[in-house]
Structure formats: C-alpha cells, structure tokens
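Here is how the chains run, residue by residue.
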Amino acid sequence: MPTNNFVESSFWNFDTLFQPQQHPARDSHDTFFLKVPEVTQSLPENYLEHVKTIHEVGGHESIGYGYDWKREEAEKNLLRTHTTAVSSRMLYALAQGKFSPKKYFSIDRVFRNEAVDRTHLAEFHQIEGLICDRGLTLGDLMGVLNEFFQRLGMKKLRFKPAYNPYTEPSMEIFSYFDMFNKWVEVGNSGMIRPEVLRPMGMPKDVSVIAWGLSLERPTMILYGIDNIRDLFGHKVDLKMIESNPICRLGRQV
Amino acid sequence: MLMYTVCKFPADEEFDEVCFEFGIELDDVTTEKAIIRKEKHINEEVEDDEEIIYKIEIPANRYDLLCLEGLARALRIFKCIEPVPEFQVSKVPPASMIKIQVKPKTSMIRPFVVCAVLRGVALDQARYNSFIDLQDKLHQNLCRRRTLVAIGTHDLDTLEGPFTYEALPPSEIKFVPLKETKEFTAEDLMEKYKADLKLKKFLHILEGSPVHPVIFDSKRRVLSWPPIINGAHSAITLDTRNIFIECTATDLTKAKIVLNTMVTMFSEYCTNKFEVEPVEVISANGLSAVYPDLTCRKMEVSLSYISSALGVTLGVSEVTGLLNRMQLPATKGDNIEGSDPTISVQVPPTRSDVLHPCDVMEDVGIGYGFNNIKQTTPKCVTQGRLLPLNEFSDSLRAEVAMAGFTEVVTWILGSFEENFDMVKRNSEKQKAVVVGNPRTSEFEVVRTSLLPGMLKTLGHNKDHPRPVKLFELSDVVILDPKKDVGARNERHLTALYCNANSGFEVIHGLVDRIMQVVGVKAVSVGDNTGYFIQPSEEPVFFPGRQANIICKGSQIGTFGIVHPEVLQNFLIPDPCSILEINIESLH
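Residue numbers (our numbering), protein chains in the order written: chain U, 1 to 253; chain X, 1 to 587.
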C-alpha cells in the first residue's frame, strides 16, 4: 500500500474507520495535530455524507453512535496515528470498482503524542496486513496469523477478545516466549466492521480481515534489546548495527 | 486501568484464564500495601494478611464493566453461576412520579437532563467507594471530562420535589458546596476553584457564559451546579437510603447511556433488586419524557451470518446458550417457515456497545472461545508485489551499503532549531509541516531534509572509530497545495563521511556510483540527457566546496563539505562531507 503520506486528515485517520469524534484517542494528548497545514484541502464529498450518516444515525443494520458529526473535526490535519488510515483509502478505492479479492500490506511510520520512555516512542513503525474477499471467516484470520507469525519465529499463538472501533470481532494476538516463560502480546487483529465497509460501497458479502503489529516490539524481543533507542534514532549504537548477524528469523528449525 | 478487590469469585478457577477468555486484561496482581511500598520505594516484607488487588484493564466501549459490581456480575454470568438480570422500571402512577421541569435558558449552556431514583439502597463503605469511583471513571472517559455529561447523585430524603433545571447568572446561584460550611455564589466559586487541583479543570466549561446550569428542589435548595460540584445539603452518606441521580449534558445519547450505566450497576443494592424508580423530565416546550429508558432493543440476527462469519457450524440452541452467558438474552427467532433460522436478541440497557449484528456475532465467538475455532486459510489467489518506489529504495539501500556505508534510521520530528537554525537554513522554514500541540521542542516540526538528523547522529557517536560512513534513505515532508491534505512525502537519501580529512572525494564518488547504478549517464554541463554537477552556494556547506547534482535538467540533490560552524552546532569535532538526493526524481 502506498503509505508515503505522514500527513493525514482526521477524516481518513478516524472518521472513515468509524472512530467517533468524541473518542479519547482523538484527544490532543494522544495525537499530533498540525498547525501547518491545519486543515485538509479536500475530501470526497459524496462519501463524506455516507460517513456522516453512519456516525449520526446508522444504517446498513447499524444504529450508529447518535451524536452530531462535525465536518470541522474531520478536516483537522494530523500526523497519522496508524497506517490503517492508508488501508481505509485503499479499501475505498477498491470499493469504487468491480470487486476482486485483494491482499494488502504495509510497513511504515506512525506518530503518537504520548510520553516517551525506554519502551515507548513518539514515532514508531507499524506492520499492517489485510485480506479482502467474499466469505472470509474468523477461522481464516487465525489461520493467516499463524502462518504470518511463524515466519517471524513465533509458533505458539493464542487469541484474546479485544476492542477496536473499526473491527468486530477484534482479537489481540499473544505468543509464548520460552525465554520469558510467558505469553506476550505481539499484535492486534479483527474483521473490519460493516460501518466502515458499507458506506464505501463495498458489497455486503465482502469481508475484510486485518491485522497489525508494531515493528519495534518484536524486534526488541527477538534481538534481546531492552532500550529501543539503541536501534532507532540519533542515539543509535553504531557498533551494534555493524556487528549484528544476518537475519535468520523464522528459518530456524 | 482499574484496581479491584475481587472477592466474589470461585477460588478454584484460574482468574487469569477467565479474564483472557472473556477479553479483559489482568495487568497486575498486587496488594494495597505493596502499592504504597512501591510509591515510597520501601522494601519491606510482605505480610500474609494483605488483601489481594487485581489490576484489570477493560475494553474502552464496555461501560458496564467499569465497576466491581458490573465486572463481577459479567464474569459470574459468563461462568453460568447466575442468570442475566432483568432490569425493571417501577410502576409509579404518573401523578406521583418525581418530576423535574427544564427551563428554557438551559439550552444556552447545557440543554439536557435525565434522572432516576434508586429506592431502599443499603450502602457500606466499599459500595459507597465503588459508587463514587464509577462516576469518576464515567466522567473521565464517556463524559469526556464532564464536557459532554456530568453526574450528580443526592440523598433524596434531604430534598423535596418537584425539581427544576435552570440556567441563571452565576451571581444568582448561592449555596453551600460539598466540603464547605458557608455559602458561596457560583461567581465566587469560579474564582475560588482556580486554586483547586481537581476542579479547576472543569471551569472552562462554564467560563464566559452569561448563565450557569443549576438544579433546585421545590424549596430552592441547590442540588448541584453542573458540571462543577454538588451542594453539601444533599450529599450522600453511608446512611442514605434513597438516591436521586441527575445527569446534565450537551449530548443526550451519552447522557442516557451514563444514566443507564449508573442505575443498572447499582440497582442490585435496592430493596427491589434491579428495579429503578422513574423520573419525569418536562422540557421547556412542555413535552415530557420518562427516564431511565431501560427497554431492551430487539435484534433479529441470522444464524447463517453468525456461523459463516466465525467459521463454525452452530445450532440455534447452542447460540442462544452462548449469548445468554454474554449478557445478551437470546431466544429462537420468529422466522418464516423455510427461510434461514434467526436468533432474537434482547439487547439490555447495559450493552450500549452493541450497534450491529456483528457485535452479537462477536459475543457468540467469545462464548464459544476464539481459540476453539478451527483455523483455516483463505482460498483466494492473488499476485503479490512491492510498491515500485519501495522496491527501488531497497535496491538503492543495498548499493549504498555495499559501498561501505552503515544505515541509520532517525526521527522525523524535531525542533526548529535543529532543522533550520543549526544548519543555516532559516528560509526553508516556510516549506515545513508544523505540529500544533508538541509536548516539547523535540516535536515541533516535521523534517524537510535528512541532513540535520544525520549530523545529530554523528554528534552522538563521537567515539566511533574513523572513518564514519553513514547513510539514511527515508521520507521527508514538504507542504504541497496539490495534495488533498496539503503536504506530501518525499523520499530522500543522505550519506555522510567523517574522518580526519573531509572526504569530499568519497562523497563525490558515491554520487557517481549512485547515478551509475540507477543508469543515468554522466554528461557535460548543460546536457539534459544525463547528469552533471554544478557549483552551489548553500550556507550549510563550506564555500567553494559544494555542488548541485543536475539530472535531466532538474536539480535532484546537493553535496559538499559541511561548514565548520554547522559542525560546531552539532558538536562534531572532525571534518565531514555529506550528500542529499531526492531519489523520487531518479525513480
């Protein structure tokens, strides 16, 4: 997916993904809002009306959120908080033409206006995957996740019910690490909600299964790094980069 | 984040396991004394009699799990220990129903109010704490720090209905607020609470308004001055038996959810368990409505939808059984003979998170156990490929690395100082994307060049053996009125050489090598079929030791020896040369 756009509008980052406008994540303390350029210059008007309706009164078998959706909120520019904003653009583009199954992925940078410490950064990378087809199931999602994480060297997975505004069901993915003797959360996943897909014009029988994880966390676990700044940023440990062996993740017996 | 003492749970169950299955996170197991020890950095022996506290994180859309009562109830129902409660509104003849009249001016500041009564409650310290705690949590999240909804709870026996919800000038609102003994006007309190750590955060909601919301009883006693504080007169104590709850709001949907959450959670302590007494709200235009609205919403969900979305084959009775465990009372649907079977779900007032049949489908999955579902793989066949720009970037990274340079990845956000002042590029400021709410200067502006990040990295690795050869291939952001959002990313490559000598020829050599692997011919100056270099005059470089790279008629990059003043700014002791190229023009 073409993720080379860090500047995004609240519309694509939040509203199209059925994240209500009064949601805590849209607080200024979690998101980097922009002074320049402050608002987005254009939005797809027809689609915007559908998004407004689904938030305000529902539709497509949903009751919606029942609040007054404001255009000015959607127009606010920000540094994207997740690459799911791009996924939303891609799904919208897919829905405009004749449908055929698609699989998408991306690995790119996201921004969170949070307090920074040795495991939390203001900017980090997300890995995202989506599969769009007719008749996909939750069983399919778990099967794909097993295949995916195996290639990262994680063979034992467990799934926990979770919540995202744009997926239902939502599952947190846990992997067992022998070195810690415990289950650690390694990612998030789910089936995209009809309130996201239907206003785009996606056919009713099309499902989208999606998953995402951060790049930094598994890297720290798998390489045994306890301070992410040794790998990323200006305080990088150059010796570590130069002496690190070639990557054999997922290929070990 | 929540902390509980869970005492009503069967001791033989692995609590952690149940939390996982249900979808809540058991974050930590500790004790109150351990928390205090941790805060005070004391290392003491653990005492055996310390009550265990479970720190639990719950999903953001489940307001019915925000207090011990709701959470414990949900888990007991999940484990089939008790049935789903049926919430009732008590049958009160309309004439004797408690009433609240809304006055017109409230529409100027806080238009809505909903109310309910809990009769015959029995409170002890733990229940009282839980009651206050839930209000705090709701205020914090769903109510968006009281801007959308504010909750007031009162001892009904200290008051006399009918009530009125009015909006008056602050100087005309006079009462004894909670924790005080003398009377103040709202005007006084707006000033006084500026020094109150907790309350000052809410003053902005009323600041500048000619009228403030206020609730009176029939004897003109002030119940509350929303959203700031309640009156002391009607304060709830452990002896309170009848509770009057009022929620004032700017968002009616949320006010109803908040009221329903309060009453469904605590009506278990009423004399008639799970029964709530209604209040009639008469709005300014004379229309009346009765709250709380505890009616269940009926949803018909197709069985085949549930089965096909989850990927399991389930029968009607199996699904209804699972849904009952998830607090979604369900029965066999009334469907026409011959068509797909449906499930009739009665969505209770505790489940405001259920918006669409997919929410019902998820709960069936949770009840069944996600990890019990058979894992399959999607059948669709698709062709995979990399985005051309990304493929090109990866190839180029490999080439630069093979030339002996080490890759680094630096921050996109930085300060104005580092990005412009320290590299003598003040005129570039107008091209940049600027952050509106940075916590510190580190997050002020989005980079328009990779150069500052590279120099900063070198400055922090002074002890690294020479020569230092670094590169970065990544995005910068430039303002662009042609893009829908008003800015675009641009893929740049920067490479740096640092040694006892400046290494200008090394960097120049790298430029030539890059153009070679990209397949662009070196040509003479002025020839637009290939690339050539031309002297430049950028302040960041040493005069006379810098050049622009012109490729097929456009300038695509620059390289040169870094100016000593710039080196000094970044605390770099040795000379260095650097290049920066916009690789999108090469792609």
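Calculated directly from the structure, the hints in this document are not laboratory data.
A hint or two may mislead.
What the hints assert, rightly or not - Here are some chain U residues pointing at chain X (derived, C-beta under 7 Å):
#, residue
1, 6
2, 7
3, 9
4, 22
5, 42
6, 136
7, 137
8, 151
9, 153
10, 177
11, 238
12, 242
13, 245
Quick reminder that beta carbons are idealized off the backbone N, C-alpha and C, glycines included.
(request) Provide an ascending list of the numbers of those earlier hints which the structure does not satisfy. (result) Violated hints: 8, 9, 10, 13; rest satisfied.
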